[in-house]
Amino acid sequence: MFTHVKPTIRRIAPENPGDRSILRVVYVVLEPQYQSVLSAAAQAINEHNPSLAIELSGYLIEELRDVGNYQDLCRDVAQANVFIASLIFLEDLADKVVAAVEPHRDRLDAVVVFPSMPQLMRLNKLGSFSMAQLGQSKSAIAQFMKKRREQSGASFQEGMLKLLRTLPQVLKYLPMDKAQDARNFMLSFQYWLGGSRENLENFLLMLADRYVFNQGRQQTFVYCDPVTYPDQGIWHPLAPQMFEDSQEYQRWYNSREDISPDLKDPLAPCVGLLLQRTHLVTRDDAHYVAVVQEFESMGARVIPVFAGGLDFAKPVETFFYSHQGRTEPKPSVDAVVSLTGFALVGGPARQDHPRAIEALQRLNRPYLVALPLVFQTTEEWQDSDLGLHPIQVALQIALPELDGAIEPIILSGRDSMTGKAVALQDRVEAVAKRTMQWVNLRRKPKLAKKLAITVFSFPPDKGNVGTAAYLDVFGSIFRVMEALQQNGYDIQGLPASPEALMQEVLHDAQARYASPELNVAYRMSVAEYQQLTPYAERLEPSWGPPPGHLNTDGENLLVYGKHFGNLFVGVQPTFGYEGDPMRLLFSRSASPHHGFAAYYTYLEKIWQADAVLHFGTHGSLEFMPGKQMGMSGECYPDNLIGSIPNLYYYAANNPSEATIAKRRSYAETISYLTPPAENAGLYKGLKELGELIASYQTLKDTGRGPAIVNSIIDKCRLVNLDQDIALPDQDARDLESETRDRVVGQVYAKLMEIESRLLPCGLHVIGKPPTATEAIATLVNIASLDRPEDQILSLPRILTNSLGIDLEDLYRRQNQGDLGAVTQLQAITEAVRGAVTALVQEQTNAEGRVERVAVLNFFQMGRKEPWLEALHRHGYQKVDPQALKPLFEYLEFCLQQIVADNELGALLRALEGEYILPGPGGDPVRNPEVLPTGKNIHALDPQAIPTTAAVASAKIVVDRLLERQRAENQGAWPETIACVLWGTDNIKTYGESLAQVMLLLGVMPVADSLGRVNKLELIPLGELGRPRIDVVVNCSGVFRDLFLNQMMLLDRAVKLAAEAPEPLEMNFVRKHALEQAQVLGVDLRQAATRVFSNASGSYAANINLAVENSTWENEAELQDMYLARKSFAFSADSPGTMEQARDVFEMALKTVDVTFQNLDSAEISLTDVSHYFDSDPTKVVGRLREDGKKPAAFMADTTTANAQVRSLTETVRLDSRTKLLNPKWYEGMLSHGYEGVRELSKRLVNTLGWSATAGAVDEWIYEDANSTFIKDPQMQQRLKELNPHSFRKMVGTLLEVNGRGYWNTSAENLQQLRELYQELEDQIEGV
Amino acid sequence: MDSGLNSARGIDYLPLQGLLAVQDFQAADQLTLAKLCELAGPQAVGRGWLYFTEVEKFPILDLQTVDSLWRQHSGGKFGFSVQRDIWRGVGEDWEKLWPRIGWKSGNTWTRYPQGFTWSLAAPRGHLPLSNQLRGVRTMASLLNHPAWKEQIVT
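Residue numbers (my numbering), protein chains in the order written: chain A, 1 to 1327; chain B, 1328 to 1481.
Bound-form chain A, shown alone:
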């Protein structure tokens, strides 16, 4: 569990009640700051009041997940006079509170609920005042509530505050008796927001006096009106009062005698702080005092501002500008640190991110959001491997990120006795030091700034230095260096070209050209290392005493890289355990090694970088061991990065891992575009096949038809398409003409699938946006998706509508190989391309760049839109121009975004200490908001998924998956499906794969009125129409980090299904869980454990590392790694831990009939990355199943409008055909030279991975690869010259594939490979 604090410690009872009246009060709140002050108020009454005493019990909302605590609450409410609640915005818990209170509402003397979910607000009652009819009554307040109901949240609370101010007027219009009670409700709100002990004391007395002991009593209770505080203002721990005016604060500040004149200098660094007023008025402000002290002791001026409501944009606008004379107000702060943990506008309720971004963009300063522990005590957080409570991660890390917040560092703990915030000194220092470094970036002259660029090297091989997804790293660094130099940074010795730059970093200048050593930039003695690296000692249990054996010459620690004036380009060391099978097996990762630590020590302490730029997706810093979220001073990412501002160029399509970098290594990301996608096209035999089909279409009704079909069938066999299509054995002359058509239709459909596949061709260079023509394929795909939320129909749908055909029906017929349908869809594709090309050409100038013309108005220009013309030319005469209009306006907008260039600009601004605009990460096709790149990438509100749209898409995939599996198994339903959940996948698709799992189980996710998914409902079997399918879900480490709450939801779904009393043949979850419960001797709920991942702070099965480094003996070794590392179970009944549960995991895997993964985007496909094969359990299941049968393996492909479910081998073939073996793809890569060869090598290794974990690779793929890259002498020569290290790896991989028995080939081939390997070895080692 995340929290064990018993609410009973909050119980207060009078010691000497005597004959006093006893008021029993129960409260439930989100904010712990009310705990100590309510206790103090009750104690004060108990000590001093002659006629009243209080019995108080209180609960923090999150504690109600515990069954015992909830029972206590119900019991307390049953005996209470008064119930109070505040800020309850978590629907599942809100419902629990309602269930506890509603039965007693009539009996309770008063129920006072401050802004919360509507169902809770309806409980409000004070005498005749009630909100039970919320939204139905006609009274002024009810009308107000009705208006606000839709927008509960920030604006709701702001509205309440406004109402408080205008109360007298409102009351005039209320009937007299009602007015008193309504007035008392508003007074209650004032007491509560006024939050001081005195206010809460008077609040309790008022309730007692007016609503509890109001009949037939002798004594009266004396109480005062609420003391009110400013809605917003400036606070300082030493100031005698709060200030509502900047100048008043300045006057007071300048009159301080305790500080030196330096701090009063208007030019002194100035930090704006955002504080919650409730912490101030409740005097729960120790952490605020600590932060102010820390900044002042570091020589900064502070402007600590507060707000009483949830809108902090207003105080930002009011207090962080200086108004001098009649000039434009100028920002008076160098950085802003929010200590609230909340989104800038809306707190825990409904956020208004655009409003927040507008305010922050105008201010244009770094915006850091530090957070207090809310649900956990200090010790609970310190002892937890998971770190911060997932609800807090959602509310206080994920939501602020949408505002562009950076550096989510925990600044205070919580005392388990008092509930009060307690400063965490080392965290407060981290926040202050890191903030001051951002301030420094703003203030230091560019010429004096020292920067570091860090490049990566995965796997550790010289051919891999500078790896980053889709990025031409040295080409990009070169552009960054030029830009820095032109901008006034001191860059010396800029090499003549990217190639020259690469040579200087890669090779030891002292040695000869192409030496085996990287260039050594610094030699750090062990003594220096130990002195400057306080945590060095902690690394010794894993790595022994320094210098160890990595990044060392045996005596010193070596830092690789090269200096260019004030810029250092360095190579990040690798994990260091890639080659060690034992370490790969550990469920937890080891610590960083000494060489790794020395690199970061060098950056911070010796080079004294003002900022470090991590270059491209991704390195290993953020994956170092430590808590999952909410780092402590013992977590390695925190130790390593120290106080250096961390900028990170990150691929826009990878929001999940970008988020890990932001949260664990405090990175501010700057997104870069993935290379422009193109259609894969056809080549060699596939191209010839295309030509044959074309001639069949024109000649099929002549006598030549059957002969052409025979040629087609032969050709198919030649290019191995016979694996994908069931070809007839007999001569085509003996076939019916419909059968011939169907064969050709199937082949055509397959070819079109290959041809139209989107590929990123080549690598992206930072600051080089695609030309307009390069953007066509992307725009075609954008145009092919329906966007119901924007009322935009896809172009294919507009075209089929104009023909009076149903697009879904056409897709269905195409899937069946109906030649007519395939042809028609191909014609539609051509027309779409034609129309989009017409649009792009219209917007493009002679250089192929887009002119800055906004929307073209052809109607006024008196001619037809060119795209309409194009569509007419393609034969779609009846197309509806009204439907086209919004689509093409949208496409024009997207085009502008695609070609915008903001990547270099954003970096330069970040280096100047400016605010970087946030933006979602993801796939530009699905979500063009990703564009233009150069944004600080954020994920999404993790509680918002799966969305309704995602559930609908998931249903299509689930239906197709089950349909296909049954078609191949005589109609039998699979009993268990093993699924993998990825972070990025679920961000891009808003939780489609999450929804798939739920639908397999027959469980429907339900969203609350704020759109957050917290509830589940069983779909009745009658409605489901099939058995509930059992699942084994393995979540990637990244998914676990980002979506712990969704893991909880899934686990609840599994248990819900298992506990449904249904016939076992209709509920496989229950069937298996009952069996497992018996065998393992556990109860049904425990047996129904299906949600697994890595241990916290650990990622991947490490099969990827073993495969990349060839450090494995046999497949069983890889399978053991999977089982050891991926068998940590999540349980909703104990959500704060991830316990290893290998026995349950293996038992569940034993029942698996199908393994299943999702492909969500064209550019991250099966062989592009190593993580798909790393987590594929296909062979593991085969080993565990009693019948030893390998399960069926499927991939869903949702990258196109017509979602497909293919077998894994089909998908590997499609991927190999469109990438590794496709001249268009590999030539695109090779145009980037060194890095291109590495990309080829990477694909080949990943293909090997699929042989190893799933047996999913046909031998011809290796044979064709060998023919293409080895046997072709010209190609061989090119690869040798461009990147001998990576080419050696390719040759080695082919030999390995053969050696492991995945590819049988001729003796000559093998001989050639061996000789080539030796030759390359000699060349590299300089023999």
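No lab work stands behind these hints, which were simulated from the structure alone.
Check the hints yourself; a few may be wrong.
Away from chain A, derived, C-beta distances all over 12 Å, residues of chain B [unchecked claim]: (1) G1337; (2) I1338; (3) G1368; (4) F1379; (5) V1382; (6) K1384; (7) P1386; (8) I1387; (9) Q1399; (10) V1409; (11) D1412; (12) R1464; (13) W1475.
Label-pair ranges, simulated between beta-carbon atoms [what the hints assert, rightly or not]: (14) B:G1375 - A:I22: 29 to 39 Å; (15) B:E1422 - A:Q1323: 47 to 57 Å; (16) B:Q1370 - A:R11: 50 to 60 Å; (17) B:Q1357 - A:E257: 25 to 35 Å; (18) A:G633 - B:A1361: 26 to 36 Å; (19) B:Q1357 - A:N364: 19 to 29 Å.
Ideal Cβ placement from N, Cα and C applies to all residues, glycine included.
Given chain A, work out where chain B should sit, using these hints.
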């Protein structure tokens, strides 16, 4: 006249001496904070805790008086200067200091008042206390105070 209880701001340390003389360390600790607040001024008295800049402005004389009272009545075991020596000995690393003076064990801070040892059985440097709820700056100012760098002969 020299009672040894000198103050640059007219603070009366006699009651503190009285408590220390009878080894009522808990009351003496409370009074020490109260006296230092008095030394800082009426605002600090009202607030009940010290801000680091107030400590920086403390007269050397007063700190030395308070410190020597604690040292005298504890056989040199308690006092700010004792804490400073230990702190310097651990390389000015706060995290290393806390367990040494018995303020923290593992991740857990010692609870006030029952967790502390109000007798000479306490570890060296255990008293007087400095509240860490608001961070370490106040204590840092105390231990960095010039009072411990130059001895004023009185």
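Each hint tested on the structure:
Chain A leaves G1337 of chain B outside its interface by the beta-carbon criterion, the shortest separation being 18 Å against a cut-off of 12 Å. The non-interface label for I1338 of chain B is consistent with chain A: the shortest C-beta to C-beta separation is roughly 18 Å, beyond 12 Å. Not every beta carbon of chain A lies more than 12 Å from that of G1368 of chain B, the smallest distance being close to 10 Å; the non-interface claim is violated. Its closest Cβ contact with chain A, about 5 Å, brings F1379 of chain B to no more than 12 Å, contrary to its assignment away from the interface.
Distance check on V1382 of chain B: its Cβ comes as close as 10 Å (rounded) to a Cβ of chain A, failing to clear the 12 Å threshold; non-interface status is violated. The non-interface label for K1384 of chain B is inconsistent with chain A: the shortest C-beta to C-beta separation is roughly 6 Å, within 12 Å. Every C-beta of chain A lies more than 12 Å from that of P1386 of chain B, the closest at about 14 Å, which supports listing it as non-interface. Once the 12 Å rule is applied to beta carbons, I1387 of chain B is consistent with being away from chain A; the minimum gap is 17 Å.
Every Cβ of chain A is farther than 12 Å from the Cβ of Q1399 of chain B; the closest lies at roughly 30 Å, confirming the non-interface assignment. Every CB of chain A is more than 12 Å from the CB of V1409 of chain B (nearest about 21 Å), matching its label as outside the interface. The claim that D1412 of chain B is not at the interface with chain A holds, since no C-beta of that chain comes within 12 Å of its own (minimum 21 Å). At roughly 4 Å, the least C-beta separation between R1464 of chain B and chain A is not larger than 12 Å, which violates its mark as non-interface.
Every Cβ of chain A is farther than 12 Å from the Cβ of W1475 of chain B; the closest lies at roughly 18 Å, confirming the non-interface assignment. A hinted range of 29 to 39 Å for the beta carbons of G1375 of chain B and I22 of chain A is consistent with their spacing of about 32 Å. Range check, E1422 of chain B to Q1323 of chain A: Cβ separation about 53 Å, and the 47 to 57 Å hint holds. Judged by the Cβ atoms, the range 50 to 60 Å given for Q1370 of chain B and R11 of chain A is violated: they are separated by roughly 36 Å.
Here the CB-CB span from Q1357 of chain B to E257 of chain A is close to 27 Å, well matched to the stated 25 to 35 Å. G633 of chain A and A1361 of chain B have their C-beta atoms about 33 Å apart, which keeps the hinted 26 to 36 Å range intact. For the pair Q1357 of chain B and N364 of chain A, the supplied restraint of 19 to 29 Å is violated, since their beta-carbon distance comes to about 49 Å.
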